[in-house]
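**Student:** Just so you know, the sequences run in chain order U and S.
Taken in order, the first sequence gives residues 1 to 781; the numbers are from UniProt numbering.
Taken in order, the second sequence gives residues 1 to 781; the numbers are from UniProt numbering.
In case anyone wonders, no lab produced these hints; they're calculated from the structure.
Just to be clear, a hint being listed does not mean it is correct.
The list treats identical chains as one, so a pair stands whether inside a single copy or across any two.
As the list claims (entries may be wrong) - Computed cross-link-like contacts, SDA-like style, restricted to lysine to any residue with a CA-CA straight-line distance of at most 25 Å:
1. Lys-614 / Tyr-768
2. Lys-251 / Asn-212
3. Lys-277 / Lys-553
4. Lys-614 / Leu-560
5. Lys-545 / Asp-576
6. Lys-251 / Ser-726
Protein chains: 2
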Amino acid sequence: MRISPACLSLPSCLLLVSLAVDVVASPNPLPKSRWVRQGRGRKPSTHNLQTRDAECVENNATHIAAPFQNVWDELSNVEAASVVQWLFQQPELNLTVSDDAGPWDNTIQLVELMRPNKTDVLQYLDHSGSPPARYAHAVLAHRASEEPYYADILVGPLPVKNGTTTWEPLEYPYTRKTLGRVRTLDADTELQQEWLYNISATIADITLDLWNGTALGLDNDTLDIWGIDPYWQDDGHIVRWDGFWGIPTDKFDMETLLPLGLYIKSDVTGRDPSKWKHEGWLYNDIYYETTEEFRKAYYSPGFVKLGANIEGAWGQTGREGPVLPQDANYPPVAVAPSGARYSVDTERKYVTWMDFSFYVSFSRDTGVSLYDIRYKGQRVLYELGLQEALAHYAGNDPVQSGTSYLDSYYGFGPSFYVSETTHTHVDSICLFEFDADFPIQRHSTSWYVSNTKNVYFTLRSVSTVGNYDYMFSYSFYLDGSIGVEVRASGYIQSAYFANNHDYGYHIHDFLSGSMHDHVLNFKADFDILGLNNTVELMKQVPVTKNYPWSGGKARNTMMLKRSIVENEDVGRFNWDANSATQVRVVNMDERNKYGEYRGYRILPATGTVHLTVKDSSNLVNAAQWAGYDVQVTKQHDYEPRAAHSYNTQDVFDPPINFNEFFNSENITQTDLVLWLNLGMHHIPHTGDLPNTVFTTAHSGVQFMPLNYLLGDPSRQSSNQVRIDYSDGNVTAVDLFGQHAGSCDLDFTPGTADLWNYHGDVVVRKFPYDPNDPFYETDSIF
Amino acid sequence: MRISPACLSLPSCLLLVSLAVDVVASPNPLPKSRWVRQGRGRKPSTHNLQTRDAECVENNATHIAAPFQNVWDELSNVEAASVVQWLFQQPELNLTVSDDAGPWDNTIQLVELMRPNKTDVLQYLDHSGSPPARYAHAVLAHRASEEPYYADILVGPLPVKNGTTTWEPLEYPYTRKTLGRVRTLDADTELQQEWLYNISATIADITLDLWNGTALGLDNDTLDIWGIDPYWQDDGHIVRWDGFWGIPTDKFDMETLLPLGLYIKSDVTGRDPSKWKHEGWLYNDIYYETTEEFRKAYYSPGFVKLGANIEGAWGQTGREGPVLPQDANYPPVAVAPSGARYSVDTERKYVTWMDFSFYVSFSRDTGVSLYDIRYKGQRVLYELGLQEALAHYAGNDPVQSGTSYLDSYYGFGPSFYVSETTHTHVDSICLFEFDADFPIQRHSTSWYVSNTKNVYFTLRSVSTVGNYDYMFSYSFYLDGSIGVEVRASGYIQSAYFANNHDYGYHIHDFLSGSMHDHVLNFKADFDILGLNNTVELMKQVPVTKNYPWSGGKARNTMMLKRSIVENEDVGRFNWDANSATQVRVVNMDERNKYGEYRGYRILPATGTVHLTVKDSSNLVNAAQWAGYDVQVTKQHDYEPRAAHSYNTQDVFDPPINFNEFFNSENITQTDLVLWLNLGMHHIPHTGDLPNTVFTTAHSGVQFMPLNYLLGDPSRQSSNQVRIDYSDGNVTAVDLFGQHAGSCDLDFTPGTADLWNYHGDVVVRKFPYDPNDPFYETDSIF
């Protein structure tokens, strides 16, 4: 049995299938903050296989054969190793093995599958064509230059064969047409960190006086320095602001709760450190242009010294406080007496449950995506997956004000390809069926009551991106609806509390719960009964109106106003006030027998938000996807993703500027993509200490069939009952064929097996050494 | 074991406590539609006691003694019987026993507890006073009059003692000051029904021609006639519109799916049927002022005859269609290996779970309310419960257009006091603990992962009000948050499909899914650390701003704007666009050690709506609570409820006009009540056939502690783990004292015991006959 972080969240008696995610991906971009530098940066998730010894007959997931190849599946170990080897053989690339590379060497940043174009895939899936040729997408870090850059390239076709395999710049999926190249601001991160330590050293007397510590780059440092992301990129200058943070001495990951309130401004333009400039200090909302000025003020009478945030139980997870009543007893838990009721092709990462089926794909940048989601054999979505996640902070200090993480830069499944090794996160996808705490249907009368269980199926992955844990759930329901949900837990990134009550609550000694917006963009490429779809809006409006029967009196009532979203100019909008407008994806050529368009409705289920900040100074054009709730574009093979993972490297002219997807194209009865934002406004309060709780930090949308079938498909379920009665007696019980006998269940809490947890399987790709895999936990985060 | 409709929704292995609801309540108001007339009108819910024989040690709910009397508890059988007897002894009331009463006799409509004033209760709970004296609230139907009326009266103090017991008009809790009296439009409902049958008889040839049926008031009628609620009440006239409906011949409750598209207008002003007027017909959007005119048109060439909606499998619940893959296996299910982990005083209806406690109360009109909800010993809410539920339809036909059900008229727990019997709904409240499908907390790093189970506790009741089933859930979470949720299932009320595509989808042969708004008002009387509370708004706003460190460049960012809701003039508002504004109830005299106000945030969790229609012609002043999401008033003993169950009887001048609660009073640091609307816009589509599904028909708010404690209280839970690891090996597993051994569980699906279901316990109150209780199911609906 293997317990995975993704499944740890679950009642532990559910029988779960093993679906290994075997992805080749890249070394992390060089990181900003200590938790990233220590390898604590970012994580994908894993999943679970449990077998239990019990008298109830528990089946594991049924193994089936997927009808098609998973053309979105990651590169195999052999494919990845051969691409890496081939790249090192191309002299013009001048590549150095990561372990040997310095800041002026070129390295391989990422090798992964180049997901095939939809057009080509549909030839295969729908028109008996061949599977599209496989290509690798590689990112090279060209550092051997005064102007270092990342280069996206395409390598293939695969398998690698000398003579036929070539590489070419990858440009077509990006709005910026610069041969797939974007400058990197990361080439000299280590030098810049030294630069910061050197500045810190010049005021070691002050840091010792304030906090009894120093940040000098030594092993026994008790202070850390890191700051904004992305860097300021105005006027041709690259400017960074960094703050001092306490380093926890206990095991808990609470550095982001220990800001100290002193900030350093540096101009780090160019690759010559001798030209970098320390431009000032900020302390207690006072800006000092030079160290001398700051020092002079510090030692002047009346200088206000602020206190420190000190680690302690308040920032530690684990049990704390009185044991709750009866909490020593087993809590309720879900069990699967028959085991799994779903089917999997583990090789092709193909899953079926009831009348749903889909393929699973995984990437370093965005984690899990689902492809070819079908319901009752008919494709509903070609693609569904995360595009990017933004955490936009604000504050009176430059570090909070300047922080707008675009998390795919770190990756929702990183650490796969690290220094020419690939890491396979065992069990990183959690599949489970669950019985909701409410039925899907009920009705009672004086003579009968009927009730149907609400059993659903979820694919879940968890990505810890530094301090924060994002939980993504894709759920499938018996009524044909699909849920997309994200919840957030983990440690907040806090601010030092000084003069900033307008940016957060005061939540600990000198701590502000720094306000921020989480916005997470999902691509939902709907194909309702074919490619030609339209977004129809159905608005409920109050009206005052006469009727033939109203005797000449106007009545205050309401009615429906239908409209369609004609083109991309009007393709960006928000959920309507008072939820007045239904948003539907319909196929206007596919009416049901009553003349209604068949389609799916998009329904905010647990709240969604878009970005509060207008024209963010931090992001400029790097996250133009964040400003609306719903955005609709015509599908193009050249617009596969709303963001590029290196958009932070050039926020004025990022590789993908989502605004450029909107160019007035007609979007009626054509192939559409909906880009949906989930998210939460987060103003952390004391209840976010030590960790934010998933209970209230949630966001979700549902896709529900609307006039799609002729009735509710949950009627197919066997797990319903009807009781007929009269005069106080039951006269009939109909169980509709459901399994109703008893069996004996050996109840063992899942916690019993946590010792079997282990980390990633690591395989060296260059030189390729498939026979010596090893386990590692260092890069789990 | 007794399975209750309220618990039927649940995984059946949870161990549930028995909490009998023993309420004395009233005969239904005389009903409009056949399903009400047949006793199918409205229902409360019941609940569950399961004991299981297994080797895991399963405890039933722990029995505890409530610290106080439940002063909100319903009248006992003896109390109710003595009040009824006493009322019959008062000659001035001139009461007739229901079974003997005709339309010109006075009857007792309701006898229930008069819930005591908050002021008096707090003397008892908080200031060592005596429990407030108990009074009965009775409603008398005065029909022995040309102008019949309902009269609310107060009877007491209890116990009844000749000499000390008196009655008086009950006026103070109502905004209309007419001695607790409101006219009734229901005195002659049976005569009016005959009137309709007589009109129907005049066109029996037409109904036979159209639908091969008649509506004559005979047992073998295949057609039914019913219509709008409330009646039109303009210009001193009482006008009703009724439509023809098919009567199902099978067992399924689908009459509301069988509209036939012919409508009758009647002026039924006054009590003299000879003065009533048949004012016309409507068919296919054409209004005919007389039967002659209609008949002439009907038999003219070119008259368009429309088809009928015919019952069939499309409107039947039960299993239908192919059996789903693997659905014959047990689905997952929740079990409670240790049994219940909560405590109950069944006598006083007092419940505790973890650090929460509350008392349960029940009324015919509004179902379950919770009182004195405490968290960690401190009151958070004095009262929490449903006030009223509105279903506002619209349409091109007068029946849909004129229908705006105010469901407390029918009651969310009716049938308690029916013709001098009281009905005890056994097991009508379902209490259960559940393990969510996601944890409440998690965080992972390169060296450990931590995870806490999200176990919560729910009190649930289900009320079937005619065709519709409302499921109410009050849930309590380990982070101190409280959820209030309503979901809807059951049969829709549909419209005949003709010329009304602007009012709904075409969902079956001649059927429109008639658009309607569900709005449900909840009273949330917060007492955060005492009575003096304030609503603070915290808005996240985009700003462009210079900072001391921004080098003179204005930055586009965001900040917080705090404001307080000063008085009732600004006490009515909606959830902000993009969820930009947090709504919090705080006590400004109770700051935490960091200076933040302690409080609870009110958070829309699964979507809420307010009424679309402005100044509804149907409702006029009868549901002025429905127009906003959030409404805040100063608490007054004389404003205990937002609505009166007979508001429909005089919509221009109803007993409670919620608008009158708003009279500019200051609402800062005083005792506040929040009136919160939940609800859904519902435009039924084919997926609502046969029943609406709970999956997407949902609405909910959460109350979450915000800066209320100094940290997250879920840290107290034992049900968490932390796994430490390094180099691919687990180095430590901390289970924090949770129960982690195995035990043997006899798994039996709950469906095995459905034969033990039975109906209400009925006890005759006049003459009082406690020794001959009997079971009845006729009034379960």
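**Student:** Could you run down the list of hints and mark each one as holding or not?
**Tutor:** Cross-check of the supplied hints:
no.: 1; hint: Lys-614 / Tyr-768; in the structure: neither (49 Å within a copy, 71 Å between copies)
no.: 2; hint: Lys-251 / Asn-212; in the structure: within (20 Å within a copy, 80 Å between copies)
no.: 3; hint: Lys-277 / Lys-553; in the structure: between (77 Å within a copy, 19 Å between copies)
no.: 4; hint: Lys-614 / Leu-560; in the structure: between (32 Å within a copy, 15 Å between copies)
no.: 5; hint: Lys-545 / Asp-576; in the structure: within (23 Å within a copy, 29 Å between copies)
no.: 6; hint: Lys-251 / Ser-726; in the structure: between (64 Å within a copy, 13 Å between copies)
Against the hints set out earlier in the document, a violation occurs for number 1 only.
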